[in-house]
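Number of protein chains: 2
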Amino acid sequence: MKLHNCSAELRKAKLRATPARIVAMQIFEKSDIPVDSTILFKNLKKQVDVDRVTVFRMLNNFLDRGLIKKIEFGEGKSRYELNGPEHHHLICESCGNVEDISYCNVENFGDEVNRQKKFLIRRHTLEFYGLCNNCQK
Amino acid sequence: MKLHNCSAELRKAKLRATPARIVAMQIFEKSDIPVDSTILFKNLKKQVDVDRVTVFRMLNNFLDRGLIKKIEFGEGKSRYELNGPEHHHLICESCGNVEDISYCNVENFGDEVNRQKKFLIRRHTLEFYGLCNNCQK
DNA sequence: GTGTATGCAAACCGTTTGCATAAGG
DNA sequence: CCTTATGCAAACGGTTTGCATACAC
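Residue numbers (our numbering), protein chains in the order written: chain A, 361 to 497; chain B, 361 to 497.
Since the hints were made in silico from the structure, they are not lab data.
One should not assume that every hint holds.
As the list claims (entries may be wrong) - Facing chain A, from chain B, some residues (calculated, C-beta under 7 Å):
#1 G434
#2 F469
#3 H484
#4 Y489
Built from N, CA and C at the ideal position, the CB exists for glycine as well.
Could you put together the complete structure from these sequences and hints?
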């Protein structure tokens, strides 16, 4: 059980370790693709009695404290994932699966942009949409 | 006046050239940053009497016919721009201004991803967030 | 005990849908 | 004339807010 880790992590982020939050963190740790509020809510419900509103408040709390980050895949809703090392996503337009890619050569490109446009880049988003290996068959 | 061009363009896309659509196309042509439904609605209202619903329907029609494309900047709403040559955006987190960049070296990176992950890339999104030249001062 | 987190109800915003009317070709 | 676009009203899904209560520390 990672329960203790999650509690500690929450307290370290100056958040009270409530049951809902602990389970939410566990769900984030277990899920391999970014979750949206509805998925998180449904999975939470299996273990704790929690309100939808609380889920949104948790998400915002976690975001504020930098525990998670928000992503959008153009679905008209937000997704969230643990705020780990920078990476990008391969989103299958057929089955919806999401794979992570860690390598990114955009930094060099960013430097170029910086020089040319005098734009100070703080972060960037890069998502690839297409067909995963399975769905190509 | 570009009115005639817009009408022609609409008809070429097999869409009836109604006043609202013609003005909408003109607004797209004039605006240098991607517009959202509300901005488009307000600007349309200055020239034609149009309903909010009609704006959304127009946007979807234009999307279907490939006249425009949809973009998201993580604002919880969609933005739209004319479907011209591929480019990416520099979004200023301070003033909200958006600059276009045309050069993109992501293709090479995409090939790499393709080989490594056997993922067939159909399109990608790449947006830079930071501070524009003005807002750095 | 004190301040933070939660539940509930209600509202908000962007967007979609159904249906009858209007208008482009 | 026939089909497509529009307006209006209503609904939808995701998200936020106000307020009183419950709970973590």
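To see whether the hints hold, each was checked on the structure:
1. G434: At 5 Å from the nearest chain A Cβ, B:G434 passes the 7 Å test, so the hint holds.
2. F469: 5 Å, holds
3. H484: Constraint on B:H484 satisfied, holds at 5 Å.
4. Y489: 5 Å, holds
In terms of the numbered hints stated before, the structure departs from none.
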